[in-house]
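**Q** Residue numbers (my numbering), protein chains in the order written: chain A, 1 to 367; chain B, 1 to 518; chain C, 1 to 354.
Incorrect hints may have been included.
Restraint ranges, calculated between C-beta atoms of paired labels, are given here [what the hints assert, rightly or not]:
{"id": "1", "chain 1": "C", "residue 1": "PRO168", "chain 2": "A", "residue 2": "ASP333", "range": "19 to 27 Å"}
{"id": "2", "chain 1": "C", "residue 1": "ALA22", "chain 2": "B", "residue 2": "ASP269", "range": "35 to 43 Å"}
{"id": "3", "chain 1": "B", "residue 1": "ARG390", "chain 2": "C", "residue 2": "ALA324", "range": "32 to 40 Å"}
{"id": "4", "chain 1": "B", "residue 1": "ALA361", "chain 2": "C", "residue 2": "PRO118", "range": "52 to 60 Å"}
Here are a few chain A residues that face chain C, going by a calculated C-beta distance under 8 Å [stated by the list, open to error]:
{"id": "5", "residue": "ASP81"}
{"id": "6", "residue": "PRO171"}
{"id": "7", "residue": "SER186"}
{"id": "8", "residue": "VAL187"}
{"id": "9", "residue": "GLY353"}
Quick caveat, the hints were computed from the structure, so don't treat them as lab data.
Where is the CB? At the ideal position from N, CA and C, for every residue including glycine.
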Amino acid sequence: MARNISRREALKYSAATGAMATGLAGVPRLVAAADPLKVGIVYVSPISEIGWTKQHSLGAEAIADTFGERASITAIDNVWDPQAGERVFAELASTGHGLVFGTSFSHSTPIQKTAPRFPDVAFEHCSGLKHSRNLGTFEAKYYEGTYLAGIAGGHVTESKKLGFIGGFPIPDIVGPGNAMLLGAQSVDPSITCSVIFLNSWFDPAKEKEATAALVAQGCDVICSMTDTATGVQVAEQNGAWSIGYASDMRQFGPTKNLTSFMLDWTSVYVGAARDVLDGTWTSKVRWQGVKEGVVTMSPYNDQLPAGVIDQLTVAEAAIKDGSLHPYRGELRDQQGNVRVAEGSRLSDPDIRGFNWFVEGMVGNLEG
Amino acid sequence: MTPRLELRGITKTFPGVLANDNVSLAVMPGEIHAVLGENGAGKSTLMKIIYGALSADEGEIRWNGELVRIPSPTAARHLGIGMVYQHFSLFETVSVAENIAVAVDEPFDLPAISARVRELSERYGMPLDPDRLLHHLSVGERQRVEIVRCLLQRPTLLVLDEPTSVLTPQAARSLFETLRVIAAEGCSLLYISHKLEEIRELCDTATILRAGAVAGTADPKTTSPAKLAALMVGSALPETHREPARPDPTPRLEVRGLDAAAEDPFGTDLEDVSLAVHAGEIVGIAGVSGNGQAELAALLSGERTLSADDDALRLDGEPIGRLDAGARRRRGLAFIPEDRLGRGVVPLMSLRENVVLTAHARGGMVRGGMVRRDRADAYARRVIDRFDVRCTGTGAVARALSGGNLQKFIVGREMELAPRVLVVSQPTWGLDVAAAAFIRQSLIDLSRAGAAVLVISEELDELLEICDRIAVLYRGRLSEGRNRGEVTVEELGLMMAGGSAAAGATEPAGPAAGRTGS
Amino acid sequence: MRLQFEPRPTPSLAAQVLAPIAAFALTVVFGSIFFLVLDLDPFETLHVFLVRPLSSANGVSEWLLKASPLILIGLGLAIGFRANVWNIGAEGMFICGAIAAGWFALAFGDGDHAWLLPLMALAGIAGGMAWASVPAFLKVRFGTNEILVTLMLNYVAVLLLGYLVRGPWRDPFGFNFPQTALFGPSALFDPLVGVYRVNTSIFITLVAVGIAWLFVQHTFTSYRMTVGGAAPAAARFAGFRDSHSVWLGLLAGGGCAGLAGMMEVAGPLGQLTGHISPGYGFAAIIVAFIGRLHPFGIVLGGLLLSLLYMGGESAQIMLRLPAALTRTFQGALLFFLLAADFLIYYRPRRVGRR
């Protein structure tokens, strides 16, 4: 049973995951094909017009558009507590859904416990760090987006202080926060970044307070990695620059939104559905970024000087061809210790397990 | 002459109760007409029908000879009917004039209203200052506010529901003067009461109701009280029998110099209250409600306790001030509160469950932390049998009992404890004549059997009937006790009004008067 | 003429039986109209709501799993409610019970200890009671309002739990997610049947129902508390002390909620996270009142609320109904139930204006 897996085993598991992150993983085995296919999707927050959950719902729409009558979608939103999570996953799996998506790190334990109970159902878990025979994972290289946005922020900041808001201090939030500062520091090494964690993916009230607090501390570029556009909105109201996440958030910050790093999961969703329909689905670990088009940048703010935009275009191309890596050395941590030497870069397993802040980050991981 | 108001065949049914059964009566202009009857005889229902608060199922109402419908109190007021309820509906924190202004159906013009209040109060001998705030007023003065409010509408029929129940005998007499003046000007009065004496003094005609129907019509001035009572009760009035008291020389219950500030902000502080009750006697405490009775009862019962070093209360010489009601009961002090439902019993609990409230220790109803229902049931059955409680059995819910039967149950429950001291507050409030007589006799019997009994009551007649000594509570101070036979109604009435000779002018204080100066 | 409600002289026995049936019938009628307006087949929708969740073994398992803590907490709260002790803090007590039990699980969970689960249960009870003793003490000593204190302490408990799972108790291998390590097998209840989530802790709830019934129906302590709740003046008249009722009412609520918290973390959760209660402490208040504060009624109330909750999810899954609509239907049933209960004690009467 899933819950009897000790954490030590889990650690080994995740290390292995990291090592195999870019390739196929797990023991290939086909799950039962079904046609028409019922696809179940569990969202962590309410479906709104914009943001994280919206981008996932676009994936669901893409399945519907691509396969028409061959696929039907069942979506359940606002599932964040683990008791409900496990029940909902089981409910979907036991009601004829051949493919079930979990869309949050918060779904980790529930989906990992549920998957072994339904060996004939294909589970796909976004932000998941553990995969198994019928549980695949997919994740984006957010840090490529935040690095680019950070370069833009580095050019516009006057206070030399950025602000970063995250849902939880998990590696996939901590890392992108670091990358944003590294991008800015590539413009001016004296720039710092203050961090606040909300301990919720969806809490607009708390997020509003956090944004206002960062602005009050003098941060003039704000990036918020949660499921809402609140950060962009409040920054706009307070005259601070903002960086949007998941969707193009210009409409919430018409004058001060620098750019948004956007997520496009449609290829993952359509691909998984196609594989299940074809009977060729196997559990995979996908970790994709700018190069694969999973992470894209929305149009840059036209108040940025043309030279900066050119520089950003070059940087984006360099990330795409691999010649520029956001986590290249030398990287120091908050205490000034060298963690990555000049000439090398942070390894993939370390990126997926990022649990320290680079020099210049102000804050801690206690949340 | 055409009657001002004529009712013909009024019938009103409530679920399970025939409240008015083919009632007819006629009130002539300028007549003071009594509606006499026991509690529950249907008087209040009839008045509500006349005032439009209820509508009759059958029958007709004629006003100055014309057939009318009275769908609402507003309609009644428009006809010229005014109503003075037994319980006032006044606002405590505003002035007399404002209270009146909001209640009359005319523009809100305070100076004009004040002027008319002054004029009316002088004309009818009812001193009233329109600018005083209501919470400074005594009960009698509040009643004047209600009456003046009605008179402002120039009624031609004024209905008064038990108006003297809150007044001292002197204040009642001054009210009668006023009512006579009003009647002399041609206004008819419909006077509801169950007190024979005052009807004989005031009224021209009496319609007597019994069990919802008219039992007879009489001229009260020429009909004997016994005849009126017989019409009202349906049989001869029961009488209580008492032997002379032979009290013990040492007091059972003793109060010495008790001072206590009221817990309720509108309550009355007790000052230097002393009294002693001996085994074998009944002591009465008279007074108009709101003069500290509630506070004294709570302190005696143990519902409110004194600090440990205060030994103002003693039972058989032992200080009991810091003991709660349960502990005092275990020492032999039983108490019957004036509020029956909610204090004397738990309304939604059965009689069987309600005996556990006070009799659990004595009746051995608890063993190993568990309630022994059989014991409770047997106890309840004994109470029901011995005190003739009419109910469906020990499982009957307390709230389902009539007032008289409930009081019999409570009295019986406490008497079955064989208390050494019994404190009882308003023992017969709202009860019919037979039940009241039964309870009074029970109290006498208990005292003669060797218990010390203290009765707190607003009904002077009752105290004079059963008590061996009577003291008067006024503004939190208790007078010396006076022996029965050595004190008259007049004297007690004066003491209830604070001892002043001009009883009509300085009458007893309202609930707040003991604390707030004006 | 208008409608007024007056108390019935005796609560009608027929009404007590008919009330829930009438409420259910009204809900069905309301639901049918509601669903028709939404262009849904009423029969199918009601079926999905009320029947389908229980039509599989997994469904029954989930049903009992969710009902169990609701019932247990409701039993404890009802003891306080009968005495007019308004404990709104079961959520916090649930969390504190889970924290106390969780400490033992984390400390000893890796070993094979038969005593660990009983110890955790005791710790859960103690944790809930400790949390409940704060409002009890404050009310008895200073006369504070227990509604406010218990409500506020919920937030304190949530923050305390958040601090622990983000700070000292955070799973070192959990990618900084605010949760503890998974408990070892000896700190977990065994599943009742196969792969289903319902576990042996359900027997604890069953035993608690029996104890609560015995307490409520037969003990003098419960009698005193009930008098204090139904008629405080009568309790003073009888000489029953308020402070005992306050302490016992709150401790009963706290103990039950704490134990339920332990059962949750040692059951379906298997670890402490920042959100261990999906509002059980608040939902149990509704359960207690649906059950008319009677232990057997609370069992039915807990099962009903659990079913409604699952029915809502089921409707979301099967009929793609938005959550807001499913909650409207759930709300309607609860409303009709409580309204029908009102009619047991009060009857409508038409009166003239006054």
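**Q** Range first: 35 to 43 Å. Now tell me if the beta carbons of ALA22 (chain C) and ASP269 (chain B) are that far apart.
**A** violated (53 Å)
**Q** With chain C as the partner, please determine if ASP81 (chain A) meets the hint condition of a C-beta pair closer than 8 Å.
**A** Holds: closest Cβ of chain C sits about 5 Å from ASP81 (chain A), inside 8 Å.
**Q** Hint says 19 to 27 Å; check whether the CB-CB distance for PRO168 (chain C) and ASP333 (chain A) agrees.
**A** holds (22 Å)
**Q** Is the hinted range of 32 to 40 Å satisfied by the C-beta distance from ARG390 (chain B) to ALA324 (chain C)?
**A** violated (56 Å)
**Q** Can you verify the interface hint for VAL187 (chain A): is its Cβ closer than 8 Å to any Cβ in chain C?
**A** Violated - the Cβ of VAL187 (chain A) stays beyond 8 Å from chain C, reaching only about 28 Å at its closest.
**Q** Does PRO171 (chain A) hold up as a contact with chain C if the rule is Cβ-Cβ below 8 Å?
**A** Holds - the Cβ of PRO171 (chain A) comes within 8 Å of chain C, reaching about 5 Å at its closest.
**Q** Is the interface hint satisfied for SER186 (chain A)? The criterion is a beta-carbon contact with chain C at less than 8 Å.
**A** violated (26 Å)
**Q** Quick check on GLY353 (chain A) please, does its C-beta sit within 8 Å of some C-beta on chain C?
**A** Because about 7 Å separates GLY353 (chain A) from the closest Cβ in chain C, which is inside the 8 Å limit, the hint holds.
**Q** Quick one: are ALA361 (chain B) and PRO118 (chain C) within 52 to 60 Å, going by C-beta?
**A** violated (39 Å)
The structure fails to meet hints 2, 3, 4, 7 and 8 from the earlier list, while all remaining hints are met.
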